[in-house]
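Protein chains: 2
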Amino acid sequence: MELYIDRDDLSRGLARIQGIIERRSTQPIFAHVLLHARDGLLRLTATDSEVAYIGDLSANVQNPGDIAVEAAQLFQVVRSLPDSTVHFKLDENRRLVVRSGRANFKLLGVAAEEYPALPAFEVTGTARFTERDLRRLVEQVAFSVASEDVRWGLNGAHMERVDIDGELRVRMVATDGHRLALAEAPCEGEFQFPARQLVPRKALSVLKKLLGTGSESVVLEFGDRALQLRRDGEVFWFRLLDGEFPDYKAVIPKEKNHTARIKRSDLASTLKRVGILVHDRARAVRFAFTDDELEVQVHNVDRGEVNETVPLDLVGTEITVGFNPRYLQDILGVVGGDDVVLELAHPLAPCMVRDPESDTARFVVMPMRLD
Amino acid sequence: MELYIDRDDLSRGLARIQGIIERRSTQPIFAHVLLHARDGLLRLTATDSEVAYIGDLSANVQNPGDIAVEAAQLFQVVRSLPDSTVHFKLDENRRLVVRSGRANFKLLGVAAEEYPALPAFEVTGTARFTERDLRRLVEQVAFSVASEDVRWGLNGAHMERVDIDGELRVRMVATDGHRLALAEAPCEGEFQFPARQLVPRKALSVLKKLLGTGSESVVLEFGDRALQLRRDGEVFWFRLLDGEFPDYKAVIPKEKNHTARIKRSDLASTLKRVGILVHDRARAVRFAFTDDELEVQVHNVDRGEVNETVPLDLVGTEITVGFNPRYLQDILGVVGGDDVVLELAHPLAPCMVRDPESDTARFVVMPMRLD
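These protein sequences, in sequence, are chains A and B. Its first residue numbered 1, the first sequence is counted upward by one per residue in my numbering. Its first residue numbered 1, the second sequence is counted upward by one per residue in my numbering.
Just so you know, not all the hints are guaranteed correct.
Because identical chains share one entry, a pair is satisfied inside a single copy or across any pair of copies.
What the hints assert, rightly or not - Computed list of lysine-lysine pairs in DSS-like fashion (alpha-carbon distance at most 27 Å, straight line): (1) K89 / K208; (2) K106 / K263; (3) K272 / K89; (4) K254 / K202; (5) K272 / K106; (6) K249 / K209; (7) K209 / K89.
Keep in mind the hints are simulated off the structure, nothing from the lab. Predicted model, so just to flag it, every value in this text is computed and none were measured.
Using the sequences and the hints, build the whole thing.
As C-alpha cells, this is what we get:
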C-alpha cells in the first residue's frame, strides 16, 4: 500500500470515526480503523460490531493495499502533521509509514484479515430524506431515550411509518417513563419497519454527529435487523435493538382542559434560573398557570427560594402542577418555534408540549405530586 | 443592606473570586463571599485562610450592610439574570433578595460576623511593576513548582531581589527537581524579601488569572510572612510558605561545550508530534544534535516510531542527549522569542534553555540516561 492524500480531508474522515471506535473494549481491534486503498480512494472502516462506518476519501493511490491501525492515535498524528499532503506507505514489517514535511512516523499495524468483517446487508427498502429533516428527527427524540433501563424496550427509539393525508413520514418515538418525545419527518421511498426493533442510543448519537443541517438528500436503507444511512461516499450501518417498545399512544393525552401558550425564550430563561436552586431531581417545582401569567416557584431549605412569573395566554381555568424543570428544559431545547403550548387535563395527567405552528413533533411530560 | 448594581460588573467581580473560594472545604464558610455595602461601593471578600481577595465595585447603595452568601451559587444566579440592573436587599430572615427583571431569588445568608476576619497586614515595603511584567514573571515559573512534594521547599516559588547594573528586579525561581525556571521582572520600590519564604501554587495560579497583559501599574506590598497585590479597587493577599528552597544557583550550569540555536516554532511542533508516541514519562527521548540538524527519535514497542529532524545552528561538537520532551514543551510555551538556545556541557549535565535575545528568563532541564 502506498498513497498520497490531503491532510485536512483525512483529518475530517478520521474525526468522523472517533465516535464509533471503542477505546476501552476488551477487544483491542475495535480501537482500530481499517485503511483500504484502491483506485483513487482510501476507504476508512470503523466498527464496534453494533455500529459501523465506511467513508471513502479521494487519494492518489500508488499501490493498493490494506492495514488496520489504532484510530485515535492515527487521528492525533494526522492532525499534528506539518504539510498539507500526507504520504502513507506500508513497510515490510506491517508498519504504516506516515510522512509529511519533516515528520516521519512508523505506526504499528494489524493485518486487514484480523479486522472484523461487516455483516452482509441486503437492502429490502429505502427512505429518502433531506439531511436536515432526518437530523431534526433524531435530535427531537434522542434525549428521551432511557439509559440502561431494565425495561429493555426503553433503551432505544422506536420507528414507524405513517401516512398522513397522502404524505409519507417516518415517525420516531422515545420515552424513559417520565417523558416522551415523538417526531416525524417527511420522506420518499418504499419500505416497511420491522416490528419490535429499536434504534439504540449509540446509533442515535452517531447519527446526530454525522448529519448536517443542509438540504442534501440522505437515504436510509432497510435490512435484516439493521439500517444503513447512505450519503455520498459514506455508509453508516447500525444494528437494531430487539425490544418491546411500550404502547406509546396510550400515553399521549387526548383530553385538554387548560391550554397555555408562552413565549419559548421567556420560559427557557425562567427554567434556567429556577434550575439553579433545584439540586434534587425527585423534587417537583410548582407551576401555577393563572389567567395572565405562569408563576414558577422553588423553595429549597438549604439554598433559598426563587419565584418568577412568565406572561402567558391561557384557555381554560387556572391550574397548579408539579414538574421536574429539567424535563421541560430538554424539550424547549429541541421544540423550535417562537411560542410553545402546554396542554393539561388535570394536575396529575400527562402534559403535552408542542410548537403551535408545527405538527411534526409532540412531547409529553409526566407531572409530579407537589408536597 | 439595599443596593442597585450593574449585572455585568457584578458578574465580572464574582468571576474573579471563583478561583479563591473552596467549594469542598470542611468549613462551609470558605465557600461564601462576604458582601459589604457602604458609600457607593459593594465590597466582595473571599478567602480560604491562605489567600484572600477584596474587590470594590461601584454600586448605588440605599442602605449599608453586610451578608455572606454561597459564592458559586450567587455567581450562577447573577449570570442568569435577565436585566442589566440587579437589586440586592437583605430581608428580616437574613436572606439576600436578588431582583432583576422578572427574576426574584431569596438566597440564604450567613451573618458577616461569622465570616473569617482577614489577618492584619502591615506594609513593610513595596515594589511597583507593569501588570504584564509581573504576569510574565509568574507564568514563566509557575509550571515548574512541585506538587505536594515531600521536599516542602519545592512546593512554592522562591522570590528574591536582584540589582543588575543599577536596575532593580524581582527574581522568581521554581523547581521540581527535574527542571528549573528562573525569571526576572524590573520594578521600582523599597523592599526586602524575607529568607525561607515561598509563594505557594494556589497564589501563583490566582495571580496568573488576576493579572492582565496591559502596561498599567500594579504594586506588590510586603508584610509579615505575606504579600499583597494591590491594583485599582482590588487587593489580593497571600500567605507565604515557610520552606527551605534549594541552592538553585548550584543547578544553573556555568559550563557549555555545545550551543544549539533552533527556531522555536519548529522545535515546538516536533515535540508535539513526538509526544504522541510517548506515554511513559520515565522514558527518555533521544535528541541528537549534529552540525546542521537536531534529530529527535522515539521508539515505542507498543505503538511505533517517530523520527524527525529540525534545522539548527550548532556551536561546538555533536552531542546526543536524552530528555523528557514534555519538560522542553513546557519551556517553549513560556520562553518567548523566535529562536531558542539550548546549552549543554555533556550528555548527563543539566541543559540550559533560553531566549537568545533576552536575559529575563532562564530554564534548566535535567537530561535522562538513554537506554
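Structure-based check of each hint:
1. For the identical chains of this complex, K89 and K208 are neighbours neither inside a copy (34 Å) nor across copies (46 Å), given an alpha-carbon limit of 27 Å.
2. Taking identical chains as interchangeable, the C-alpha atoms of K106 and K263 lie at most 27 Å apart only when they sit on different chains, with a minimum of 25 Å there against 58 Å within one chain.
3. Taking the closest pair of Cα atoms, K272 and K89 come within 27 Å of each other only across two copies (22 Å); inside a single copy the shortest separation is 53 Å, beyond that limit.
4. Proximity of K254 and K202 under a CA criterion of 27 Å is satisfied in neither setting, with 32 Å inside one chain copy and 59 Å between copies.
5. In this assembly of identical chains, K272 and K106 lie within 27 Å of each other by CA distance solely across copies; the values are 16 Å between and 50 Å within a copy.
6. For a Cα distance limit of 27 Å, the shortest separation of K249 from K209 qualifies neither inside one copy, at 29 Å, nor across copies, at 55 Å.
7. With identical chains, the CA atoms of K209 and K89 are never at most 27 Å apart, being 31 Å at best within one copy and 47 Å at best between copies.
Checked against the numbered hints given earlier, the structure breaks hints 1, 4, 6, 7 and satisfies all the rest.
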